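These protein sequence lines are chains A and Y, in that order.
Sequential numbering of the first sequence, starting at 1, is according to our numbering.
Sequential numbering of the second sequence, starting at 1, is according to our numbering.
Treat the hints as calculated values from the structure; they're not laboratory data.
Just so we're clear, the structure is a prediction, and the values are computed from it rather than from any experiment.
We put the CB at the ideal spot given by N, CA and C, even for glycine.
Possibly wrong hints are sitting among the right ones.
Said to hold, decoys possible - Restraint ranges, calculated between C-beta atoms of paired labels, are given here: (1) 240/A / 240/Y: 33 to 43 Å; (2) 42/A / 265/Y: 25 to 35 Å; (3) 30/Y / 138/A: 44 to 54 Å; (4) 68/A / 299/Y: 26 to 36 Å; (5) 268/A / 30/Y: 29 to 39 Å.
Protein chains: 2
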Amino acid sequence: MSTVTSQKPHDRLAQALSNEMAAVSALIRERMASEHAPRIPEVTAHLVEAGGKRLRPMLTLAAAKLCGYTGPYHIHLATTVEFIHTATLLHDDVVDESSQRRGRPTANLLWDNQSSVLVGDYLFARSFQLMTEPGSMPVMRILSNAAATIAEGEVLQLTAAQNLATTEQVYLQVVRGKTAALFSAATEVGGVIADAPEDHVRALFDYGDALGIAFQIVDDLLDYQGDTSATGKNIGDDFRERKLTLPVIKAIALADDEERAFWVRTIEKGKQTEGDLEHALTLLNKHGTLKATQADALAWAEKAKSALAPLPAHEIKDMLIDIADYVVSRLT
Amino acid sequence: MSTVTSQKPHDRLAQALSNEMAAVSALIRERMASEHAPRIPEVTAHLVEAGGKRLRPMLTLAAAKLCGYTGPYHIHLATTVEFIHTATLLHDDVVDESSQRRGRPTANLLWDNQSSVLVGDYLFARSFQLMTEPGSMPVMRILSNAAATIAEGEVLQLTAAQNLATTEQVYLQVVRGKTAALFSAATEVGGVIADAPEDHVRALFDYGDALGIAFQIVDDLLDYQGDTSATGKNIGDDFRERKLTLPVIKAIALADDEERAFWVRTIEKGKQTEGDLEHALTLLNKHGTLKATQADALAWAEKAKSALAPLPAHEIKDMLIDIADYVVSRLT
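Chain A with its partners taken away, still in its complex shape:
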């Protein structure tokens, strides 16, 4: 960490951007409303009140500020990014048949899958309305491309699930799609709306891309070694849902015949019995793949930090560097 303080990097950034974040909150509330369909604000309020760190919109605001933007439209873009994120959460919970999100029951459980699908569609449409308002063609291209890449990544994840042939390369493609595409679009549009020079915009994109990948790898790793009380997730959810994440992909690549048979039974065929999660953890530790995955996450965080090199010295730049450290600090 480059500054000595007891505050978390995320909170420091939120403080530096507190006026802008308040404007984003107000715009979220305004635009998630619906005159005709009261079910919509019910569902969205449930998600919005549950909070979440709002890391993605904060990245847009930070990038715009770092590039000296003085106009009003970073608020719209940050809100767009949060709406795309919220829409994908609603649809993800339907796809994954999840029952918990941010420590609360999911919308598909409280209402029904129908409401989650349709309110997600509404937020997608609202995000597209919002992104047109600054009137910037490059911004619209970046954000609509990101939305397509996210959906593509989710579909790829669906078809890769339970497939033991999934490589680290496919995993990276899925992660770039489902997670990093929105991080990199969030930072890139902050630079673009500020009319930053091309190499600064590129640096912001690269930072968001690497940060998003580090973020997702950490998330996948915490599913095997996290502290439930801190993460709000249960250990082994991905294993039970037969998702092929990096620690398992690495362990399968190193498996002998007997181990391979174990992965075929538990992940490919989904025939899991008591003690299987513990055995899976034993295999991950035996081959050191939790450690290797952690090293990958740290390397992506370093990549994120060094991507910012072309940008001038700035208080916000230091905070973005700290955010990259913070994202992987959840591991240690």
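Let chain A serve as the given structure and place chain Y on it in line with the hints.
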């Protein structure tokens, strides 16, 4: 019908726009592809091959041609409209738990709900990429507003379902959202991209709005009195799914106590037994609500036709008038 020919109005319009429709088909094929996720073109090809009349993109092409447009972008806008339509079909089938669409098994049945949700999202995102390409702010506003209105209408339909207090006004709001919003956006953007004068654009919007309403009322009516072999729908699907459509709303408004108890049991409580559909049809006929609904559909078709008055004489204008007649001709 204003011309004497054995061809259906829809086919005549398709013939007049055959080059443009071929370009739309090519663009649909190009943009529904995905480099990374082969599941996407599988699902979309299933829908696209099933055909459908492509009435909505044809309306965009017709409006642009009628307003003298000579540029290339009506093709992008027509494709956008078709992608939005296809995405909503995919999500509707998940929401309605449908098993048949255009006489074939639905995507949610052939693959799974997950694929339908995510491929729908992909098509939404693709449609937003497409709508940015002409670089017209008004066009983007119209189409992104339409997408939000559609989702709003679908959510409103969800909460109005099974609610006997649903009025004709709420029904019209649902129909304007879920169906007419895309029809009116389709015709409006055709005029806007052609830089047509404001009153012509307004006329095209009004035509699309009234046509869409007529179209949906006819659809709802055919669910009670259609010829299964011609419509590909089963009589009584809406009754079994407890949807409050216009003939039933009108019959409930005229119901005596005993009849009201019947609607409470079958629609509100969903306790249906053999003979209930037949009894429902008896009540609709007794109160003349099928005839009254048909009169409403015809009135909306007339409204669509007279909306076109401000537009100059043109072969395409005559065809659009015939289309309005054709939409309600399915009833007679």
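Against the structure, the hints come out as follows:
no. : hint                      : verdict
1   : 240/A / 240/Y: 33 to 43 Å : holds (36 Å)
2   : 42/A / 265/Y: 25 to 35 Å  : holds (28 Å)
3   : 30/Y / 138/A: 44 to 54 Å  : violated (22 Å)
4   : 68/A / 299/Y: 26 to 36 Å  : violated (59 Å)
5   : 268/A / 30/Y: 29 to 39 Å  : holds (35 Å)
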